[in-house]
Amino acid sequence: MGWIKQIITTSIGKKSVMAVTGTGLIIFLFFHLVGNSMIFLGRDMFNAYAENLHRLDFAVKVFEIGLLILFLIHILFATLLFIENLGSRPQRYAVKKDTRRTWGSKTMPYTGATILVFLVVHLINFHFTDSNLTLSELVRSVLTQPYYAALYIICLLALALHISHGIWSLCQTLGINQPKYNKLLESGARSLSIAVGAVFILIPLLALFYSNFLL
Amino acid sequence: MKLINLIVKVWRQENETSSGSFQTLKSGPISTDMSFLEMLDVLNEKLAKVGKEPIAFDHDCREGICGMCGAVVNGHAHGPENETTLCQLHMRHFNDGDTLVIEPFRARAFKVVKDLVVDRSALDSIIAEGGYVSVNTGGAPDGNAVPIPQDTAEQALDASACIGCGACVAACPNASAMLFVGAKVSQYALLPQGQPESARRALDMVRKMDESGFGNCGNERECEAACPKGISIRNIARLNREFIKAAIISYEK
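For the record, the sequence lines run as chains L and F. Just so we're aligned, residue 1224 is where the first sequence starts under this note's numbering, counting upward by one. Just so we're aligned, residue 54 is where the second sequence starts under this note's numbering, counting upward by one.
Think of the hints as simulated: they come from the structure by calculation, not from any bench. Source: prediction; values computed, not measured. You may find that some hints are simply not true.
As the list claims (entries may be wrong) - Some chain F residues judged to face chain L by a derived CB distance under 8 Å, without partners named: (1) F75; (2) V125; (3) R161; (4) A228; (5) G271; (6) E273; (7) I286; (8) R294.
All C-beta atoms in this analysis are idealised placements derived from N, C-alpha and C, irrespective of residue type, glycine included.
The shape of chain F in the complex, shown without the other chains (with noise of 0.2 Å):
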């Protein structure tokens, strides 16, 4: 077993109100099989031993699929590994005396409420007006009754696997929920359970979007490089034709 010692330089902030700065921590040896959110759980089991306070973050189901889990290390939102969340993320693609700078996802749409655990309940409220399918469809049809052609329905699952974990808006410039709101319209515009709905659906996503305080997007492609599920842009271009579609064609304002 390879063990590493790291320098973690860790946000630390009491709750929403106060200020927050940073702590250096030393790891003490780190073996490289663990994942990162395992390295901070031994870290503060030995913060915890000397009575001082843990570092809060969030986590549950430590496989990569939940979207709990997330931080910015190095200047990247879930660490320098492409498509791997935080707590996917081993300790092996570190070295030996490397510096951890460990930041919260910042977001004036997250608020930090403890260290590196942010509210991120702006994107449920964009869920909430329209991410779903709300017309009677009816009983559950036959196999095949429906027929969607098996490129389209790839391209659907794709933008589905989007676990809104918050990496697209952490890495964004502008902290736009783009890439979000984009993968959330997209799994229901490429169906034909979502077209009854699909331009209020983009209409209201969009404009919650912009109620909640998220910023404009700059085509920077910063958050498709970021997203643990490797969501594409295309998503967000598709977003900008339903939007287009819903506000000149539709009858829907």
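Okay, chain L solo, but in the shape it has when bound (with noise of 0.2 Å):
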């Protein structure tokens, strides 16, 4: 076993790791996001869709765990490569200009710590609640709030910036980069996370507008 852990703490070892965990993250982000898809079809279909997925009660409860142990490795990663990049430049430039980075490379840590808090606020809202109240009046009772509404639009915003370099990023970091899919890659990441951000932030922006929504 030694040897794993040799291979995991070195730097392209650790960078795998956050590209393999944001894989999985990411694909539980596009069913995520085909399932809250449901709510543009109707209170009663996402009612269905809720009811029907909670009836699955140990598949559903295995795939949290998992993507709980995701999360955790995604965090604990990010975190440890974070401390020790701010470290390997002591001396800073007085002057120093960007080239190529992005506005979604440069943020990846705090777009990150932004998801964090999110997620944490999104599970108090809608997991750990004990409330008798359908999920399509769940979700009403929530963003119908303004500061709510808000919170979410914001860290979305900020989910979407952070998956537009991480899908590029995961790809590269895999070894995933010739020049016969490169622009593919690029503009097909680009376009995937302006999709996922677009969809999601549109429940917050009904709930907030459209007095009629899920009702």
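Put the complex together from the two separate chains, hints included.
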């Protein structure tokens, strides 16, 4: 087992762990997005989706635990990399100009921390709640409050920014970089992050401005 | 001959342990035909004439192929021109009255020796861990006896263009040396002669890189923009592949 520890503690090892757990989280995000999209098909469809999903009691539990582990590893390694990188240049430049960094890549640790805060709020709102409301009523009760809606929108923007760099970055870390598909990969990663952000953000926006939402 | 006057803010540091600060100097008339280092030569002559300590900076070939020179000029490693070393940067790219802020390459792994001179021996120690082929390859083979597609040979040559100047480290937000190591691993990974030791090489060089105090790559791409030889981050992806392959598939530990 010694060699696993040796590999995982190298810089590329740590980055690979980030990339693999990141892939898992993005796959989860995709399924979460598809599930949430049921909301656009009306209240009944949405509630039916929630009920059917929770009928798979055991499978849901297994996935929840898996997801929790993915999140914990991703956060642990991100924190480790962030702290290490803070010390990599003790004396900073007086003048430093950026050339190819993007908003996404520059803000990775901060958007990541924002997502973590969001995750806690989101779980308190929708998971660790003992109300007897149906899911559609629960969504209405939370997201029609302007403060919550605004918080959700800001955090979801951070999420979109995070994955705008994350999707391309995880491919690069895992060695997926060849000229024959690089353009497709970059534009695909960008459009995917915009699409994911837009669809998720549409939900609090509808709750906030469209009073018939989920009625 | 066009002459320009510049204000030069240059980092002065007595030695490794002193703290250092910026010194502001007036360049006097500088020919736009001069290179950046010649401009510093002119400044140094003036400083020497009045009995002041000249600005220490590294240089050797002055034709952009040795990798000895380098400083961060106005926030860009090797100055603002693409694919240009500091010695090949000409003063015609600056305007009369410009302020130049000149700093040494900064990284935990690069200690400032004096003024703009930094100790880049950390890069040498990475090379010493595997940046070579040590298996006995016999006598020189006949031309074309070792089949290598032209395209692959080109990629290996592109990787081998790395002059080890350290600009990638200087430009990286995390002071990572991944572009350097990527280029050095790639030039062998692409060719048959490099294959017997490829797993050992990738593992050893990456470990040495981590030990030397470089940061972790964040895929920010600043390195390839700063590289005077235009080395692509494809080489970092290849290093990642080589490392993951060595870690998971090879028998090497």
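Hints and how they fare:
For the restraint placing F75(F) at the interface with chain L, the shortest Cβ-Cβ distance is roughly 7 Å, inside the 8 Å limit, so the hint holds. A distance limit of 8 Å between C-beta atoms decides the matter here; for V125(F) the minimum to chain L is near 6 Å, and the interface restraint holds. Contact between R161(F) and chain L, as hinted, is supported at the beta carbon level, the nearest pair being about 5 Å apart and thus within 8 Å. Contact between A228(F) and chain L, as hinted, is supported at the beta carbon level, the nearest pair being about 4 Å apart and thus within 8 Å.
Proximity of G271(F) to chain L holds as hinted, the smallest CB-CB distance being about 7 Å (cut-off 8 Å). With 8 Å as the threshold, the beta carbon of E273(F) comes within range of chain L, its nearest partner Cβ sitting at about 5 Å, so the hint holds. Look at I286(F): its Cβ gets to within about 7 Å of chain L, closer than 8 Å, so that hint holds up. For R294(F), the interface hint holds, the least distance from its beta-carbon to any beta-carbon of chain L being 3 Å, beneath 8 Å.
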